[in-house]
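Q: Got chain A sorted already, so can you dock chain B onto it with the hints?
Protein chains: 2
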Amino acid sequence: MEFWFRSRAVIDELVEKFLDESKEWETMEMSKYIMRDGKRFRGTLMFLFNGALGGEEKDAYPGALATEILHSASLALDDIVDYDEIRRGMKAAWAVYTNRKVIFVSNYLIPTALSIISGYGDKALRISVDLWKDTAVGALKDMYGKDEDYVRTIELKTASLFKLPTMLSSFSSGRSEFLDTLMEAGKDLGIIYQLIDDYVDCVTQDKDKLVGSARQLFSLTSGKFESFVRMKYREYKEHYETLLRSLPVKHDYLDQLVALPDFLAFGLMGEAGIKNKIF
Amino acid sequence: MEFWFRSRAVIDELVEKFLDESKEWETMEMSKYIMRDGKRFRGTLMFLFNGALGGEEKDAYPGALATEILHSASLALDDIVDYDEIRRGMKAAWAVYTNRKVIFVSNYLIPTALSIISGYGDKALRISVDLWKDTAVGALKDMYGKDEDYVRTIELKTASLFKLPTMLSSFSSGRSEFLDTLMEAGKDLGIIYQLIDDYVDCVTQDKDKLVGSARQLFSLTSGKFESFVRMKYREYKEHYETLLRSLPVKHDYLDQLVALPDFLAFGLMGEAGIKNKIF
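Chains A and B supply the protein sequences, listed in that same order. Quick note on numbering: my numbering labels position 278 of the first sequence as 295, and the sequence is numbered without any gaps. Quick note on numbering: my numbering labels position 27 of the second sequence as 44, and the sequence is numbered without any gaps.
So that you can see chain A by itself, here it is in the shape it has in the complex:
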């Protein structure tokens, strides 16, 4: 928790500095709006894994920043396509600036984030481009995918931007031999995150109003989503812990990394004000 508060503050500073240095005045104001007030969970993963593998904190900065840029851009686009008028407690960017501007600013922010990532080398860039592509395929599967593909859909849609920081931490810490394991760890965390997010929707919303992967979860389990979520949560959490044991994690990071699944799940359930029946 404390680690998160601190990394969130650092990320907020990085974002502010990045935006203030922007030479393109046309993009700055709106980029600021799009990037305001995030929870910075994904960026925090970059700090945690980078530190756990022995990287210096400053080596995590570009990765955390780029991750949050991509995440914010994807939210801004999601809001357009969902016609959601509220984001992070304020009007959605499109409702303030129009679709037009949001689309172009996103088209500016996305390659800008990729350029920042290219500082970690060409392999990091290449994988990041593929992960970004995966988020788009996931967004489509979220709408049109089959219920049976639920887990694959949330992996593509959500876990891609969790894989991104854990993957980048292998480069930032100079431990690229753990690339695959780190990608897997990010995948587990992202699936857990979306699983609980959909669980919250299934619990709190009228079942006729469920959309996307939450609707798929409800329909796949014929409404008996709780036991399914509990089972999958355990399965991915155990897998994640197995991965952690195979990584040379520095001692003072281990507890925090182990606690991540519960931290993410607890955060989502707490936000929605529902009781934990999962873990």
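Hints were generated in silico from the structure; no laboratory data involved. Any given hint could be a false lead.
No copy labels: a pair is met if it fits in one copy or bridges any two.
[Stated by the list, open to error] 30 Å max Cα-Cα, derived DSS-like pairs, lysine-lysine:
| # | residue 1 | residue 2 |
| --- | --- | --- |
| 1 | 267 | 292 |
| 2 | 163 | 34 |
| 3 | 75 | 267 |
| 4 | 254 | 34 |
A: Leaving out everything else, chain B in the frame of chain A:
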């Protein structure tokens, strides 16, 4: 002209094959719609410059395909933001498939094109990411830029996707020592293309209805756009010819490369049915 007909047919085949091989059924139908019936000018540049520098035709395939994917995605997004209902003689993609789908399919197509480009190596990928970013900045400057920045705006907005294929041809032909010259040549051609496109708008449209760079051109020249366009056209064409002389162009390609500025300009003016007063 004949070269263009042939390369257009080859590109149409490449596009069809690419789409039929798509594993993501959610994207295929709409991607087909977005990519239908292009003039394939930009992809043709890839064939021309690759061939002129001694590359094999097949080495140009990925670059031509990726260029046309990016171009089509950018048009589909432009139509959303402009609320244009007609594109290439049919309903615009958003009017058929909704904004939602077009945004996500574009977010899928763009990194897919970048992945294809990465086959030319990491430097090619890195430059392509930057060029894509430039198109987004250009789109914003098209709306909010100053009239005095007109040439810079059209360079960013339009010439970026002309630079892309000429730049890639340096990698496809194995002549990366000419990278900078080829980028410059693409820039000249792209500026010429947009200059004439805006000229056509200024000639054919009511001046109150001009938007974007065409409006900037009109306003910058206080309505005396013709002499300005003629001057700039000559300037960029001469610069382009100077660049061509510094490249080791194969003899049988020289005439076609030299003719490109007039070919592009003539094509645009012919399409609009206006008389040539420029060259």
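Q: Compare the structure with each hint and give your call.
A: We went through each hint and held it up to the structure:
no., hint, result
1, 267 <-> 292, "neither (33 Å within a copy, 73 Å between copies)"
2, 163 <-> 34, "between (42 Å within a copy, 26 Å between copies)"
3, 75 <-> 267, "within (17 Å within a copy, 50 Å between copies)"
4, 254 <-> 34, "neither (36 Å within a copy, 41 Å between copies)"
When held up to the earlier numbered hints, the structure conflicts with 1, 4 and fits the remainder.
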